[in-house]
Amino acid sequence: MTQNANQQVKFYQTGTYTVGNRLLDEDQRTVQASLDRSNALDSGHRACQGCGEAIGARYAIDAVMRATGNQMIACNATGCLEVFTTPYPETAWQMPWIHSLFGNAAAVATGVAAAMKVKGKKEVRVIAQGGDGGTTDIGFGCLSGMFDRNDDVLYICYNNEAYMNTGVQRSSATPPGARTATTMPVGPEPGNVFGQGKNVPLIAMAHGIDYVATASVHDLHDLERKVTKAMTFHGSRYIEIFVPCPLGWGSKPCDTIKLARMAAECGMWPMLEAEYGELTASYKMRKPAPVTGYLKLQRRFAHLFKPGQEERLAGMQQLADKNIAKFNLLEEKGDE
Amino acid sequence: MLKQMEGSVAVAEAVALARPEVICAYPITPQTHIVEGLGELVKSGKLENCEYINVESEFAALSVGIGSSSAGARTYTATASQGILYMAEAVYNASGMGLPIVMTVGNRAIGAPINIWNDQSDSMSMRDAGWIQLFCETNQEAVDVHIQAFKIAETLNVPVMVCMDGFILTHAYERIDMPEQEQIDQFLPPFNPRQVLDPAHPVSMGAMVGPEAFTEVRYLAHHRQLQALEVIPKIAAEYNAIVGRDNGGLISTYKTEDAETLIISLGSVIGTIKDVIDVRREEGEKIGCIAIRSFRPFPIAEIREACSKAKRVVVLEKCFAVGLGGMVASNVRMALSTQPLPVYNVIAGLGGRPITQKSLHKLFNEATADTLEGLHFLDLNKETVERELERERLEGCSGAVAENILRDIGAVAASKV
Amino acid sequence: MFQVRIHGRGGQGAVSGAEMLSVAAFLEDKHAQAFPSFGSERMGAPVVAFCRIDNKEIRSREPVLEPDALLVQDPSLFNSVDVFAGLKADGYLIINTTKTLEQLGIEEAASKLAPGRVWTVPATELAIQHVGRPSPNAGMIAALARACEGVLELDSVAAAIRKKFPGKVGEANVIAAQAAFDSAKVTQSTK
Numbered sequence: 001m002t003q004n005a006n007q008q009v010k011f012y013q014t015g016t017y018t019v020g021n022r023l024l025d026e027d028q029r030t031v032q033a034s035l036d037r038s039n040a041l042d043s044g045h046r047a048c049q050g051c052g053e054a055i056g057a058r059y060a061i062d063a064v065m066r067a068t069g070n071q072m073i074a075c076n077a078t079g080c081l082e083v084f085t086t087p088y089p090e091t092a093w094q095m096p097w098i099h100s101l102f103g104n105a106a107a108v109a110t111g112v113a114a115a116m117k118v119k120g121k122k123e124v125r126v127i128a129q130g131g132d133g134g135t136t137d138i139g140f141g142c143l144s145g146m147f148d149r150n151d152d153v154l155y156i157c158y159n160n161e162a163y164m165n166t167g168v169q170r171s172s173a174t175p176p177g178a179r180t181a182t183t184m185p186v187g188p189e190p191g192n193v194f195g196q197g198k199n200v201p202l203i204a205m206a207h208g209i210d211y212v213a214t215a216s217v218h219d220l221h222d223l224e225r226k227v228t229k230a231m232t233f234h235g236s237r238y239i240e241i242f243v244p245c246p247l248g249w250g251s252k253p254c255d256t257i258k259l260a261r262m263a264a265e266c267g268m269w270p271m272l273e274a275e276y277g278e279l280t281a282s283y284k285m286r287k288p289a290p291v292t293g294y295l296k297l298q299r300r301f302a303h304l305f306k307p308g309q310e311e312r313l314a315g316m317q318q319l320a321d322k323n324i325a326k327f328n329l330l331e332e333k334g335d336e
Numbered sequence: 001m002l003k004q005m006e007g008s009v010a011v012a013e014a015v016a017l018a019r020p021e022v023i024c025a026y027p028i029t030p031q032t033h034i035v036e037g038l039g040e041l042v043k044s045g046k047l048e049n050c051e052y053i054n055v056e057s058e059f060a061a062l063s064v065g066i067g068s069s070s071a072g073a074r075t076y077t078a079t080a081s082q083g084i085l086y087m088a089e090a091v092y093n094a095s096g097m098g099l100p101i102v103m104t105v106g107n108r109a110i111g112a113p114i115n116i117w118n119d120q121s122d123s124m125s126m127r128d129a130g131w132i133q134l135f136c137e138t139n140q141e142a143v144d145v146h147i148q149a150f151k152i153a154e155t156l157n158v159p160v161m162v163c164m165d166g167f168i169l170t171h172a173y174e175r176i177d178m179p180e181q182e183q184i185d186q187f188l189p190p191f192n193p194r195q196v197l198d199p200a201h202p203v204s205m206g207a208m209v210g211p212e213a214f215t216e217v218r219y220l221a222h223h224r225q226l227q228a229l230e231v232i233p234k235i236a237a238e239y240n241a242i243v244g245r246d247n248g249g250l251i252s253t254y255k256t257e258d259a260e261t262l263i264i265s266l267g268s269v270i271g272t273i274k275d276v277i278d279v280r281r282e283e284g285e286k287i288g289c290i291a292i293r294s295f296r297p298f299p300i301a302e303i304r305e306a307c308s309k310a311k312r313v314v315v316l317e318k319c320f321a322v323g324l325g326g327m328v329a330s331n332v333r334m335a336l337s338t339q340p341l342p343v344y345n346v347i348a349g350l351g352g353r354p355i356t357q358k359s360l361h362k363l364f365n366e367a368t369a370d371t372l373e374g375l376h377f378l379d380l381n382k383e384t385v386e387r388e389l390e391r392e393r394l395e396g397c398s399g400a401v402a403e404n405i406l407r408d409i410g411a412v413a414a415s416k417v
Numbered sequence: 001m002f003q004v005r006i007h008g009r010g011g012q013g014a015v016s017g018a019e020m021l022s023v024a025a026f027l028e029d030k031h032a033q034a035f036p037s038f039g040s041e042r043m044g045a046p047v048v049a050f051c052r053i054d055n056k057e058i059r060s061r062e063p064v065l066e067p068d069a070l071l072v073q074d075p076s077l078f079n080s081v082d083v084f085a086g087l088k089a090d091g092y093l094i095i096n097t098t099k100t101l102e103q104l105g106i107e108e109a110a111s112k113l114a115p116g117r118v119w120t121v122p123a124t125e126l127a128i129q130h131v132g133r134p135s136p137n138a139g140m141i142a143a144l145a146r147a148c149e150g151v152l153e154l155d156s157v158a159a160a161i162r163k164k165f166p167g168k169v170g171e172a173n174v175i176a177a178q179a180a181f182d183s184a185k186v187t188q189s190t191k
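Protein chains in written order, with the working numbering: chain A, 1 to 336; chain B, 1 to 417; chain C, 1 to 191.
Hints in this document: simulated from the structure, not taken from any laboratory. Values in this document were obtained by computation on a predicted structure and should not be read as measured data. Where is the CB? At the ideal position from N, CA and C, for every residue including glycine. Hints may be right or wrong, so weigh each one.
Every beta carbon over 10 Å from chain C, so not counted as near; a handful from chain B, in silico [unchecked claim]:
#, residue
1, Arg19
2, Ile116
3, Met178
4, Lys358
5, Ala369
Capping the alpha-carbon separation at 30 Å, the derived lysine-lysine pairs in DSBU-like fashion look like this [stated by the list, open to error]:
#, chain 1, residue 1, chain 2, residue 2
6, C, Lys164, B, Lys3
7, B, Lys358, C, Lys56
8, C, Lys88, B, Lys274
9, B, Lys358, C, Lys164
10, C, Lys56, B, Lys255
11, B, Lys46, C, Lys163
12, B, Lys43, A, Lys121
13, A, Lys122, B, Lys46
14, B, Lys46, C, Lys56
15, B, Lys255, B, Lys274
16, C, Lys164, B, Lys362
17, C, Lys112, B, Lys43
18, A, Lys306, A, Lys258
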């Protein structure tokens, strides 16, 4: 970012080789910009075109590999990431990786971390990862247990807001109003119910763990910074990465990064950091965009624009406004 | 060294001798004293180089074990009853992944209705999950078998569950000859995993396997259990050579050589059966018993051989397949399918009902006279059952069965005062 | 084989009492088995604990149905539990009480036993006096050592108590046990 006397100009990250990297000093460039990045999630995997999770996972794991000198082990929940990276007999992972069950990634990671500790392998770090289904629902008990024990594990949740691999069913991370196979756009209140849902980053903060952050695939620098920072702690850490899913959301594959940015810029996806339960930073917008721009690009919200749904559509804006107020997402006037 | 101690505490000491590296435990009656004992050994420093993790559920306990075992650490956990069901997904996962985890099951009945007392339904519910299942008659056997279990597991890359009757063994004080650490170090080398999560040699574990390969993978699991039929006695012999005790192996027999009636069972009830056999032998009856020590793999050849000269077999089991009959009896019948021999199936001791010598004598009288039904529930209170069935016949909404029977037993007992 | 059945209420240490008996027997190089009959863990609920002592391996796991010695730690149980079930005619009955058999309402049941077999001991009172807690188990097992000739020595019982309760608590219990051993007496009905 450059500064003039009155206003910061932001450069948006649109790719690894464009503005933001070549103009930066080497030590400020992203891991992804480097030719000797580990490519821990190698090409040849079977993800859909435009898959946000594939991008998010590659960004995150390469950052962990850089931070740990390639000394890491990953424990993956069942889900899209696990399925598209390990079509037997191939694997896309270049580092040690284990998939056990849907709901136990956090517990398996606890076990791996304990083994490293007992064997004196202090330098080998452990991450657990899964989608929102495996994290906020079926994996929630194990996640909370891991937080309770403050096990030395970074849990990364790739949040595409539904159970995608099984055919787009609602999870506790599905936003209100969204269409899924179990919250169909029919009847007087089409789409997901308002007034439900779970905010796992806030729940993670309530456990008082070392570090909690939300990140997104549209801001590579920010994501890498957060992952790298997380690896400096040695207790439990949680990062939730926003990963649009073109298939599940009914959006264009080429819109994945754009949608992620729009979600952050309208307040639907607050970008936060917290340590030991206290909020330490949040991404501040100069002027929030209306949610409708973000919603319109996704067929999963199409029904909200039909006649009779005005109140619910307004409800979506209220959700965004609530986030902006709660997490203080507006730049203060006159900020440098 | 000889000690008088509680079974659970003895098991904790035995497991500690095996030098586990990760212990993760969730408490459930009747296994609590085992995990408490191990927790204290780790915290006090007596058990070194061991991480003891308090987990939030049985599902987490075995999942943590899957993680630590995959990363090369010798791993132990314990559970019972509801707990083994809660971790059922992980039980199949552990054997499917070929992880040599050792787990104690403090045998307890499964609800509903909730029951904390001993029977073997819990282990039996997981009998086909691909684990090796070893049953112990005494706490001494439990000590010896737990230690052997680690070696069996690590030799075959198959998880092992060591089953001991809850309360009857876990909470009983008896004489234990605890082996020395030097003996166990000689018997059990450090864990050398077949495959391990290691940044130096990265592998991916836990891939999806489709129709083109699944059958072969599952066949190999079966093959490993068949190999276990040889490995289990071999390791028992190795243990005997160092520690000097012959506890382990596939079955044990008592006065079976010329027996016409053979009782087959598992676990602590074998002790009571032996006392009954001795009394009947005094009276000239040719009766003996077989203890199944390895239930999985099922020792088909050994059972066939031991029963080859018998006139009849009575399978006494602390579990049953609702709507069918015995689980153990079904397995025994399968083994004896080559021999035309009456196999009486007796269901006993469910939910902790004591199995008395008096009842066993009455049972064996009926068996040897061949007046026993094919499927017999020992000490079943037929009047209570009839009254409940009558209630159901007469009343549309007759109420919950369990509560009705409890009230009925209370009412009948009160009327005797 | 010598079979003991202890009746008490949760919190009175009936289970520990059975365990200590088994340890005492072990210290005399005998085989012993002690185990409880389980109910819900609750202070005050009736508890039964068993101990078998023998010179050879004990294999049977059934409850003690025909005790050679019956220890009753709480006389209020006479009204609610069939305490006497299976007690052999020449079996011992040891009751924790300062009352008479008539006052306890059990003179008829007691009269069925052989002479010299019914003993009473103020185990709770002695425990309060020497240990500061109404825990009668140490006194009861000492009374058993006194009443049941040849079964266990008081020294073994004392050693077992010290193993179970190390330090000052153990010593206090041993003193209570000695006092119980001394003051246990044969009781006859006054009829």
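These are the hints, each one checked on the structure:
The non-interface label for B:Arg19 is consistent with chain C: the shortest C-beta to C-beta separation is roughly 27 Å, beyond 10 Å. Residue placement check: B:Ile116 does not keep its beta carbon more than 10 Å from all beta carbons of chain C (closest about 7 Å). Distance to chain C confirms B:Met178 as a non-interface residue, since its nearest Cβ pair spans about 13 Å, more than 10 Å. Not every beta carbon of chain C lies more than 10 Å from that of B:Lys358, the smallest distance being close to 8 Å; the non-interface claim is violated.
The Cβ of B:Ala369 sits about 23 Å from the closest Cβ of chain C, beyond the 10 Å cut-off, so the non-interface label holds. Between the alpha carbons of C:Lys164 and B:Lys3 the distance comes to roughly 13 Å, so the proposed pair stays at or under 30 Å and holds. Proposed proximity of B:Lys358 and C:Lys56 is supported: the alpha carbons are some 22 Å apart, at most 30 Å. Between C:Lys88 and B:Lys274, the direct Cα distance comes to roughly 24 Å. Compliance with the 30 Å bound is thereby established for this hinted pair.
Simply put, B:Lys358 and C:Lys164 have alpha-carbon atoms about 34 Å apart, too far for the 30 Å limit, and the pair is violated. Restraint check for C:Lys56 and B:Lys255: satisfied, since their Cα atoms lie roughly 18 Å apart, inside the 30 Å limit. For the suggested pair B:Lys46 and C:Lys163, the alpha carbons sit about 19 Å apart, so the restraint of at most 30 Å is met. A C-alpha spacing of about 21 Å is found between B:Lys43 and A:Lys121, which places the hinted pair at or below 30 Å, so the restraint holds.
A hinted pair counts as satisfied when its Cα atoms are at most 30 Å apart, and A:Lys122 with B:Lys46 qualifies at roughly 23 Å. Restraint check: the Cα-Cα separation between B:Lys46 and C:Lys56 comes to about 33 Å, which exceeds 30 Å; the hinted pair is violated. About 9 Å separates the Cα atoms of B:Lys255 and B:Lys274, which keeps this hinted pair within 30 Å; it holds. This hinted pair does not check out: C:Lys164 and B:Lys362 have alpha carbons roughly 40 Å apart, beyond 30 Å.
About 54 Å separates the Cα atoms of C:Lys112 and B:Lys43, which puts this hinted pair outside 30 Å; it is violated. This hinted pair checks out: A:Lys306 and A:Lys258 have alpha carbons roughly 24 Å apart, not beyond 30 Å.
Violated hints, listed in ascending order, are 2, 4, 9, 14, 16, 17; each of the other numbered hints is respected by the structure.
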